[in-house]
Amino acid sequence: MAPTGWLGLTSLGTVHTAISLIAVFAGIWALLRYKEITLRTRLGQVFVWTTVLTCLTGFGIFQHGGFGKPHALGIITLVALAVGALAGYGRLGAKSRYIEAVAYSASFLFHWIPAFTETLTRLPLGAPLLPSAEAPELKALTAVLGALYVVGVTLQIKRLRGDKPVSPAPVRAGS
Numbered sequence: 001m002a003p004t005g006w007l008g009l010t011s012l013g014t015v016h017t018a019i020s021l022i023a024v025f026a027g028i029w030a031l032l033r034y035k036e037i038t039l040r041t042r043l044g045q046v047f048v049w050t051t052v053l054t055c056l057t058g059f060g061i062f063q064h065g066g067f068g069k070p071h072a073l074g075i076i077t078l079v080a081l082a083v084g085a086l087a088g089y090g091r092l093g094a095k096s097r098y099i100e101a102v103a104y105s106a107s108f109l110f111h112w113i114p115a116f117t118e119t120l121t122r123l124p125l126g127a128p129l130l131p132s133a134e135a136p137e138l139k140a141l142t143a144v145l146g147a148l149y150v151v152g153v154t155l156q157i158k159r160l161r162g163d164k165p166v167s168p169a170p171v172r173a174g175s
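With the numbering used here, letter number 31 in the sequence shown gets 31, and the count goes up by one each step, no holes.
Possibly wrong hints are sitting among the right ones.
Listed below are the simulated PhoX-like cross-link pairs for lysine-lysine, each with C-alpha atoms no more than 25 Å apart in a straight line [claimed, not checked]: (1) K139 to K69; (2) K95 to K158; (3) K158 to K69; (4) K35 to K158.
Honestly, the hints are just simulated from the structure, not real lab data.
Throw the hints in and build the complete structure from the sequences for me.
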């Protein structure tokens, strides 16, 4: 096992966590400001690219042994980002805007699963709140996150179906 530092994280784990926090905050900000994550805004671009970096740095973390569920989630996240990008460029037909919303919202959800898992199984240091990633409480929390995702995507799709134009502001500095 690699030596650990801040909060029991390796150097790569610390970088990975910092990048993921940027992605999460960009995603929250984009959702609050534009009601969606899209590459048509700077916030969406920051979210997507920091999420890609989060996945790539995560592939080098083997704190729990070899390739595991977090690595599989990283691959699924990259696929969701690719689908979102294709849809955002209109490459997936008439339903592209809906597919984009579903895909980017899924990649946003995928940040929260390891965030809660790692936080609740690591903190407080020496006496974490949950004993393992298999704790029933985490499974319940994942179900709640899934339900919130369904509600959020439903609201996004309703908004996209509305009569008013829904494209966010054009990309500009500071967006």
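Verification of the hints:
Annotation: proposed proximity of K139 to K69 holds, straight-line Cα distance about 14 Å (limit 25 Å). With a C-alpha separation of about 13 Å, the suggested pairing of K95 with K158 holds against the 25 Å cut-off. Using a Cα cut-off of 25 Å, the hinted pair K158 and K69 is violated, with the two alpha carbons roughly 33 Å apart. For a cut-off of 25 Å, the pair hint linking K35 to K158 stands: about 11 Å separates their Cα positions.
Comparing the model with each numbered hint stated earlier shows that hint 3 is the single one that does not hold.
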